[in-house]
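So you can see what is in the structure, the chains are spelled out below.
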Amino acid sequence: MSTGDGAGDPTPTDGSTEPPLGGGPTGVCRSAAVVTRVTVVQLLRKQRSSPLLVAVVVGFNCFVGAMLVGLAGDGTYQLGQSLAASPGSVGERVRQAVLAGVVLVSVMQLLGAASDGKAKHRRVAFLTATSTAAVVVALLVRRSVGALVLFGPAVLAAAVAFAVGAGAPTSALSLGVGGLWLLVVTAVVTLPFGLVANWVVVGYDLSSNARASLGVVVLGLFYLALFGRELVAGVLGVTPVAWAGDLLLLTVPGAGAALPQAAGFAVGSLAFVAVAGAACVELAGLTWFSDPAFGDEGDDEDDETTRTVETFGASLHRVCAPRTAALVALTWRRTRRTPKVLFYVYPSALIGLVMAEQLVLHGPFSMAMYPAIVGFTGATAIGSGFTLNPLGTEGDALPTVLTSGAGSERFVRAKALAAAVPGGPLVVGATTGIGVALGGLPPVVLVATLAYALAMVALAVLFSQALGVHYPPDHEELMGGSVKVPDKSASFLYTVGMTAVALPGFAGLGQYALAGTFEPVVLLGGVGVSLVLAGGLAALSYRHATRKLAGYSVE
Amino acid sequence: MAVIEASALTKRYGETAAVRGLDLTVERGTIYGFLGPNGAGKTSTMRMLTGLTRPTDGSATVDGVDVRDRDELGGHIGYAPDEPPLYEKLTAREQLTAVADVRGLDPEIKAERVPALIDRFELDAADDRIETYSKGMKQKTSVVQAVLHRPAVVFLDEPTGGLDPNAARTLKQLLVELREGETTVFLSTHILPVVEELADTVGLLYDGRLLAEDDPEALQRRLAGDSLEDAFVELTTDRAAADAAGGR
Chain A
1 MSTGDGAGDP TPTDGSTEPP LGGGPTGVCR SAAVVTRVTV VQLLRKQRSS
51 PLLVAVVVGF NCFVGAMLVG LAGDGTYQLG QSLAASPGSV GERVRQAVLA
101 GVVLVSVMQL LGAASDGKAK HRRVAFLTAT STAAVVVALL VRRSVGALVL
151 FGPAVLAAAV AFAVGAGAPT SALSLGVGGL WLLVVTAVVT LPFGLVANWV
201 VVGYDLSSNA RASLGVVVLG LFYLALFGRE LVAGVLGVTP VAWAGDLLLL
251 TVPGAGAALP QAAGFAVGSL AFVAVAGAAC VELAGLTWFS DPAFGDEGDD
301 EDDETTRTVE TFGASLHRVC APRTAALVAL TWRRTRRTPK VLFYVYPSAL
351 IGLVMAEQLV LHGPFSMAMY PAIVGFTGAT AIGSGFTLNP LGTEGDALPT
401 VLTSGAGSER FVRAKALAAA VPGGPLVVGA TTGIGVALGG LPPVVLVATL
451 AYALAMVALA VLFSQALGVH YPPDHEELMG GSVKVPDKSA SFLYTVGMTA
501 VALPGFAGLG QYALAGTFEP VVLLGGVGVS LVLAGGLAAL SYRHATRKLA
551 GYSVE
Chain B
1001 MAVIEASALT KRYGETAAVR GLDLTVERGT IYGFLGPNGA GKTSTMRMLT
1051 GLTRPTDGSA TVDGVDVRDR DELGGHIGYA PDEPPLYEKL TAREQLTAVA
1101 DVRGLDPEIK AERVPALIDR FELDAADDRI ETYSKGMKQK TSVVQAVLHR
1151 PAVVFLDEPT GGLDPNAART LKQLLVELRE GETTVFLSTH ILPVVEELAD
1201 TVGLLYDGRL LAEDDPEALQ RRLAGDSLED AFVELTTDRA AADAAGGR
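Taken in sequence, the protein lines are chains A and B.
So for the first sequence, this note's numbering puts the first residue at 1; every next one is plus one.
So for the second sequence, this note's numbering puts the first residue at 1001; every next one is plus one.
Fair warning: there could be bad hints in the mix.
Here are the in silico distance ranges between beta carbons for each label pair [said to hold, decoys possible]:
#	chain 1	residue 1	chain 2	residue 2	range
1	A	V149	B	T1016	33 to 39 Å
2	A	V444	B	P1107	45 to 51 Å
3	A	C62	B	Y1013	47 to 53 Å
4	B	R1221	A	S49	53 to 59 Å
FYI, nobody ran anything at the bench for these hints, they're computed from the structure.
Don't be surprised by glycine CBs; every beta carbon is placed ideally from N, CA and C.
Taking the hints into account, I'd like the entire structure generated from these sequences.
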């Protein structure tokens, strides 16, 4: 009702109508600015309000920066020195490195864009208030800011290090600005592909199996791109994308940068950004407003799977108490229908691939290292699913579990069993299988590896719960929301803890893989220390998780 | 014989006191209507009595079990909060069966009760996933889940919200039967006619304190109102005015 004085009255008194927010080009710009500001502020506040997230971002930047600068191995500082010693010698190397970097960042951005479809609820408020174009602009800016926060400082440090090494301060200008621009370009031009991926997933109402398969394929592509980056960069080297090197080398004296190519890349990339932005608006309309986008997630389950779960559940009655078995079967059934609770299993598997590549394929270790890598990363993966967020994954039904009288000890045991029963044999089997298949592995090494894998599995399913019972702290979301994937910081802490315990055993097994013969003291000592640490921490974790759960209060 | 006993029960969230020194006694085999305006502390009280929230101060027992001992308490209570605590990806039948198993219900009793309650509450879509249910269907499933194991005390928070008239009637009949079976029903609702019709005792909570407690008719007589609604309005309005005058 109007107050008469117009205050608080949304209807203009002169009879005219207020143009809707987002109507016309000016309206789009204005609302885009508003939505962008809100979106970016949300992003930065989210980062700032979490000291752990800030630490992760800073730590990541320090790590990447150290690698780029050349604190570990050759980096931009050494390249700069080479340039100073012999002008004209480093241009091609910089071009290759830039292209490899573009490939890497593009693949990472692509993965991020493809997984962003789940954020639809964040956008709904905006989409019902303004135009799709404004929301897309905000999303693109958000992605760009995210990339700049995550990689920008490292890129700038690398540029400065090059300039210092070369003794040519102006070098930092094109390297720094050009590097940041590449981050923005990759953030923008990868979004259409991510939207297409979302559209395929949502539009075709893919089953959870199909989604999982798609995820594995994408991860496989990521792996290929990661380790074939030099090959990909070689292919891109004959395309105009290679002109990115000219842009970055523009103010580097004696590097042989061609101004027309540099300008061509700048203009071309700007055009690509504009085209990608326009494509995003169209694709966003398809993805965000399609009927299935507002339906359920399309998870399916055939009768065969149901029977399998029931058969496993019935078998469990023989080895554990019926109420525990019931909780295990319940967890399996729900996990089967909500596979997103296994979200953090993928990164652990990826770490295994990266370790295999870095340590064995392109590293100093023999293939005898594979079983240890599988044992460690497989165990870490097992604990990265629902056990990493045992309360949060109960979702709205948490009060049911808490008031069921099942008890905190039974709850923790059931979660551990639910993860270890299918995961443990897989990891231990793979570890043993690879060890046997390699041939020639001394029995003591094989047995030590097996014990190591078992201990890590036992630790994983309990340690993850000890951390996980602290998440999520936001009870409103816990009580009223749907199942949540584990918190990023929980995943980070869990991985650090697992790594710390695994290291001595890994070193002991690595000694054999490195030298080809084993030192009993090093092997058994290293693995022994890991076993003791894993056993002790697992026991402490069980106690902590049950106590924390028993004392858990919905505030 | 008292089945719920609370003494100086208090819950604070930081500086804010949600429940202030609540003294409460509820007799076994009765229906207790727990009323109060929004923010009075009803949900906090129910959460404390069901072991979900730790009291900041004071003590309480339900069926002789300390509310701080949640693991033990679970066997004595059923709880249907206003937000149905269900696994969205399960069907109602799976949910009820799983909860019966987790509670350790005898398989034969489970096989008898689950379908019987499903029929009684006309959960026609019992084999569809809960995520496809209406609010009322979820509410019915939640209530069935709370009474499945025939606990000593059932806590129901707004159980009739979202129910169609038929389901509401079935629920009221069930509450009466529960009472006859010596189960105590602790009922929080804003639908006062339900309390007026069913409750043996009514407790009116305001600002974390028990403002009045009596049987519905006595409460109406005391306040010279025509209905429980009149009594509720009179009590809470007077109290709010007194609080405002007191500068609170």
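Hints, verified against the model:
1. A:V149 - B:T1016: 33 to 39 Å: 36 Å, holds
2. A:V444 - B:P1107: 45 to 51 Å: 49 Å, holds
3. A:C62 - B:Y1013: 47 to 53 Å: 39 Å, violated
4. B:R1221 - A:S49: 53 to 59 Å: 55 Å, holds
Checked against the numbered hints listed earlier, the structure breaks hint 3 alone; every other hint is satisfied.
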